[in-house]
Amino acid sequence: MNDEVKVRETDTLSIALTGSGGAGVMTAGNLLLEAVARAGYYGLMVRSSGPQIRGGEAAALVRIATRPLDCMADRFDLLIGVDWQNIHRFADEIPLEASSLMIGDPEQGNPPEVFVRRGARSAQVPFKKLSKAIPGSWPNMVMLGVAAALVGLPAESVETVVRKSYKKGGERLAASIAAIQAGYNAAAELPAIPKLAAAKPAAQPRWLITGNQAAGYGALRGGVRFVAAYPITPATEVLEWLSPALTKVGGTLVQAEDELASVNMIIGASFGGVPAMTATAGPGLSLMAEALGLAVAAEVPIVVLDVMRGGPSTGIPAKSEQGDINIALSGLHGDAPHVVVAPNSLADCLAATQWAVHLAESMQVPAIVLSDQYFGQARAVVDRPADMRYIGERAKAVPRSEPYKRYALTDSGLSPMAIPGTPGTAYTADGLEHNERGVPSSQASDHSAQLDKRQRKLTAYPYGDYWAEIEGEGETAVVTFGSCTGPVREAIARAAADGIQARLVSIRLLAPAQPERLAKALEGVKKVLVVEQNHSGQFHRYLRADMEVPGEVKSLRRPGPLPMSAADIYRTLTEWSRP
Amino acid sequence: MSIATATAAPITAQAFKSDCKPVWCPGCGDYSVLSSVTKAFAMLELRPENVAVVSGIGCSSRIPAYTSCYGFHGVHGRALAAATGLKVARPDLTVIAAGGDGDGYSIGGNHFLHACRRNVDMTYVVMDNHVYGMTKGQPSPTTEPDWDSKLSPGGTGLRTFHPLVIALAAGANFIARGFSGDPNGTARLIADAMRNPGFSFVEILSPCVTLRPEQREWKNAVRPAPVGATDDPARAARRLMTDDGFNIGVLYVGSRKPYQPPAAKTLQRLADLEAQFAI
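Heads up: the protein sequence lines correspond to chains A and B, in order. This note's numbering applies: residue 24 is where the first sequence begins, and numbers increase by one. This note's numbering applies: residue 8 is where the second sequence begins, and numbers increase by one.
Hints were generated in silico from the structure; no laboratory data involved. There may be inaccurate statements among the hints.
DEER-style ranges, computed between Cβ atoms [unchecked claim]:
no., chain 1, residue 1, chain 2, residue 2, range
1, B, D153, A, A568, 49 to 55 Å
2, A, G357, B, P269, 34 to 40 Å
3, A, G132, B, G116, 50 to 56 Å
4, B, D250, A, Q478, 28 to 34 Å
5, B, T19, A, A568, 54 to 60 Å
6, B, P33, A, A431, 29 to 35 Å
7, A, K543, B, D26, 49 to 55 Å
Below, simulated PhoX-like cross-link-like pairs (lysine-lysine); rule was C-alpha separation at most 25 Å, straight line [claimed, not checked]:
no., chain 1, residue 1, chain 2, residue 2
8, A, K428, A, K476
9, A, K187, A, K155
10, A, K151, A, K223
11, B, K264, B, K143
12, B, K264, A, K271
13, A, K419, A, K476
14, A, K550, A, K577
15, A, K577, A, K549
16, B, K143, A, K428
17, B, K143, A, K271
18, B, K28, A, K428
19, A, K218, A, K271
Model, not experiment: these values are computed from the prediction. C-beta atoms are modelled at their ideal positions from N, C-alpha and C, and glycine is treated no differently.
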């Protein structure tokens, strides 16, 4: 034991498990997270990896706490490298301090210089040698044992989750458990890391879930029963989760030949009366833009979940960035009012997606859900999200004596939709401008009447309080959305400890913009800090263009793949708030 | 494709037409294809509310609104994708996709390949006039390489696309060629296609008398295919590769099982899915 470092107690620990792709870093991280959950803690794991399928670099970043977690920490207590292959690429993503501990395998040489420079303490465990001594085991299981031991998890909780993951049992299981024990033994000789406070008993049921799973489940809760799928990182897991889940509840998933097909398939299904969704990322959303316009014009409800990643073009596929605001809000040709919703926590991916289905179905419009790679691929222990009443309910036409007007001009802008199979209400849904009956028309009067109608149904809709998350008081406000919300909340809490009060406004309903609601949320505010994770300040520009933002306004932004950190927001907030 | 069951007295072909006046030029082959399609619906004793006609963009893609069925007039090239989503989500409906050669073979080419492969139980009717009509005369994939146009002076010099061979290679379950000048024969082809399970493809030579007046001569070129349909893909490939594009009739009938999405023996309650997340 290193006596020079006094072991202090903490309510949160952050651990990075790294190695080359295929070394089992993600497996070890997931098992650690599951053991943490079993031991009664909250936890959050973020995956980071290079673009290679195997042989690149991989990091499982795990944060553990006695309280629910909103975001990753901006420092790490422990870095374990099962090897150091290309791990220097994570230098920015794994900030270490002098009190941090680095553990490497002596066979792999010294830790990368970029980490050593930060003055972190260093120790060694011969992962490879220890695992070689146990036939059938792998070094990542030794790494898991070391990490679990240093965190102070009981060996039983690790063993239980490992048994669960090797359902068939056998030699692999026995070898893995022996390797984990070898890790525990090796950890007894290592310097300590801060001691994690005892877990608090759960007041309500908890889930271990990824944002992509939460979004998939939210879609089903909203009523989606048809999904068309084209694989794309980091949205694929939504589709992979939905495939068997849909079958279980009587729905269908079709793998499409491309994103043009997937979006048109869901439009076809929804025209048939079945609520439908697809999930994609920026490049796919770009391909879907034309058909989204069709869904606007033909008034066919659909939901497109965009799990944002670094862009433009192929960009940084496996890492997060809030770069698709412009295309989601304004990427359609013509005047094409539609809905854009952004979840603001991993668990909120469920409710926000469910709400998007509800809005799409209620207003017969396409709704885009802006999640991101961080939410989508992060896995966390969360309190079971509350049940929401939002279920997609479409106004359906019933046959009458007069001819059916599919696009009837009504006060609400909404016109009941006929579902194929219903006698007496057959019509043709059309992307061509049309009159009330749906007959193509290029007359100015029909065009402006239908444009008005399609705008009116979105303007008149009662969105309720779920449009944004508004917390706290003060003359300073931080306005943000999506995955920046967690770090902002943490930064505001730190500032409050310094006596600086600030409000949090996290906007969930990005389109249609809600200028009156925002004005009310910002009443009495003198300074507004706008926080987002992209290069050009797309969210800032949207706020300034579509809404009135009072007082002095400052944009704080950073492109992906680095997350917006609570420390950076706290620093800006406190420096700027001082008179 | 197979057919939704009729529920009342048969409806005449005329009753399958709407009161919407087509945008087509006088003499366009598509009028006659519209008649054939509605005749086929009547022959199969369908009800308009149980049929959906799905299209993309182009002259012939205007066809949905000219029927009294449910229609979907989407974006250019994506008729088959929309029709696939509709049919898979609503297997009880009878689904027809229709359009032209540019819509189906050029911008929609990828969907054509994969619709043949996927073999969803529906019928695809292509009105092929070897030209982009709505944009007033540009070469399509089936246009002859030396056909002169403003966009491609002197011709494209490109080999023509062979939709029937490609449909066969990609896995279509029924392949036929019709001619708009024979509306009754074409109606029978479409009805046969609709009766056959899986993805059925009917290519119909449908002259554009405005931009390709020489296609008026097609009536003298077409002939009944000298031999009947085969169920042997190798034989069908040989015939299709060697015919001159004017053999009319059912050319291939396969027996591939139509696309069937997985279905659970017993359905679960939605809330039961939560168990996998519980700690």
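Results of checking the hints against the structure:
1. Range check, D153(B) to A568(A): Cβ separation about 53 Å, and the 49 to 55 Å hint holds.
2. At roughly 39 Å, the beta-carbon separation of G357(A) and P269(B) lies within the given 34 to 40 Å, and the hint holds.
3. At about 54 Å, the beta-carbon gap between G132(A) and G116(B) stays in the expected band of 50 to 56 Å.
4. Taken as a hint, the range 28 to 34 Å is violated for the pair D250(B) and Q478(A), whose Cβ atoms sit roughly 54 Å apart.
5. T19(B) and A568(A) have their C-beta atoms about 57 Å apart, which keeps the hinted 54 to 60 Å range intact.
6. Distance hint for P33(B) and A431(A): a CB-CB separation of about 34 Å, consistent with the stated range 29 to 35 Å.
7. Restraint check, K543(A) to D26(B): a C-beta distance of roughly 51 Å satisfies the suggested window 49 to 55 Å.
8. Distance restraint check for K428(A) and K476(A): the Cα-Cα separation of roughly 13 Å lies within the 25 Å cut-off, and the hinted pair is therefore satisfied.
9. A distance of roughly 24 Å separates the Cα atoms of K187(A) and K155(A); the hinted pair therefore holds under the 25 Å criterion.
10. Under the criterion of a C-alpha separation no larger than 25 Å, the hint pairing K151(A) with K223(A) is inconsistent with the structure, at around 36 Å.
11. Restraint check for K264(B) and K143(B): not satisfied, since their Cα atoms lie roughly 41 Å apart, outside the 25 Å limit.
12. Between the alpha carbons of K264(B) and K271(A) the distance comes to roughly 23 Å, so the proposed pair stays at or under 25 Å and holds.
13. Pair hint K419(A) plus K476(A) holds up; C-alpha atoms about 17 Å apart against a cutoff of 25 Å.
14. Among the hinted pairs, K550(A) with K577(A) is consistent with the structure: their alpha-carbon atoms are about 8 Å apart, no more than 25 Å.
15. Restraint check for K577(A) and K549(A): the C-alpha separation of about 11 Å stays at or below 25 Å, so the hint holds.
16. Distance restraint check for K143(B) and K428(A): the Cα-Cα separation of roughly 32 Å exceeds the 25 Å cut-off, and the hinted pair is therefore not satisfied.
17. Distance hint between K143(B) and K271(A) is unfulfilled; the C-alpha atoms sit about 50 Å from each other, more than 25 Å.
18. Proposed proximity of K28(B) and K428(A) is supported: the alpha carbons are some 18 Å apart, at most 25 Å.
19. Simply put, K218(A) and K271(A) have alpha-carbon atoms about 44 Å apart, too far for the 25 Å limit, and the pair is violated.
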